[in-house]
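Going line by line, the protein sequences match chains A and B.
Heads up: the first sequence begins at 1 in the numbering used here, then just goes up one per residue.
Heads up: the second sequence begins at 1 in the numbering used here, then just goes up one per residue.
Among the hints, erroneous ones may be present.
Same chains, same label: a pair holds when it works inside one copy or across any pair of copies.
[Said to hold, decoys possible] Using 30 Å as the maximum straight-line C-alpha spacing, the simulated DSSO-like pairs for lysine-lysine come out as follows:
1. K26 to K66
2. K92 to K66
3. K92 to K26
For the record, the hints were derived by calculation from the structure and aren't laboratory data.
2 protein chains.
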Amino acid sequence: MDSPYYAVIFSSVSSQNQSGYAETAKRMDELAAEQPGYLGIESVHAAGESITVSFWESEDAIAAWKADAEHTIARETGRRRWYDSYVLRVAKVEREYDWARSGDQG
Amino acid sequence: MDSPYYAVIFSSVSSQNQSGYAETAKRMDELAAEQPGYLGIESVHAAGESITVSFWESEDAIAAWKADAEHTIARETGRRRWYDSYVLRVAKVEREYDWARSGDQG
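Only chain A is shown next, with the shape it has when bound in the complex (with noise of 0.2 Å):
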């Protein structure tokens, strides 16, 4: 992706009920993905705990995102039922560096 743009990296620990999240967390990746604006969507879970990072073309597109109607329902129901708690930053991507091994290192 061309730098700069913004990235919302939320970390999460998750409750002991997770009845629905992951029906939720893929309506809600197919969801973030037809948004003006998406870039992309990377995210590890591990027990109890995940960070997962979305990327914006700008501010705007994070606000509108935030404002949508199911989202904010799915919010909801996060902090009732799927979380312990969670740290949500909003950050501007100021440059990046890809790196994949080369087929001759194998």
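Knowing the structure of chain A, use the given hints to seat chain B on it.
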């Protein structure tokens, strides 16, 4: 943390050779925590994928940690051995929201 501060978002895909990784990762966590301007780290590892986000007071602090000799050796070993690919992003955290379940919401 009081924004603005900086985040280094490191998203990696593991190779099949993880020999020595755990020890080096632990050592790097300890060494990073001793650096001037270090604010914290969050990391989630799952099968073959990781996201690690470290937080820093300034771009100078990030540059100094990048230049650390032991860190440089670890990074080179990572490219030679532990990773198939990674993306490293340097981002300025502009705002942060913390949420935690309050006791009476059980």
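Quick one: K92 to K66, C-alpha cut-off 30 Å, is that within a copy, between copies, both, or neither?
both (17 Å within a copy, 20 Å between copies)
How do K92 and K26 come out at 30 Å by Cα distance, when the copy is not named: within, between, both, or neither?
This pair counts as both: shortest intra-copy Cα distance 26 Å, inter-copy 28 Å.
Check K26 against K66 for me: Cα-Cα at most 30 Å, and say if that holds within a copy, between copies, both or neither.
Only inside one copy: K26 and K66 sit 17 Å apart there, 36 Å across copies, limit 30 Å.
When each numbered hint is compared with the structure, no violation occurs for any of them.
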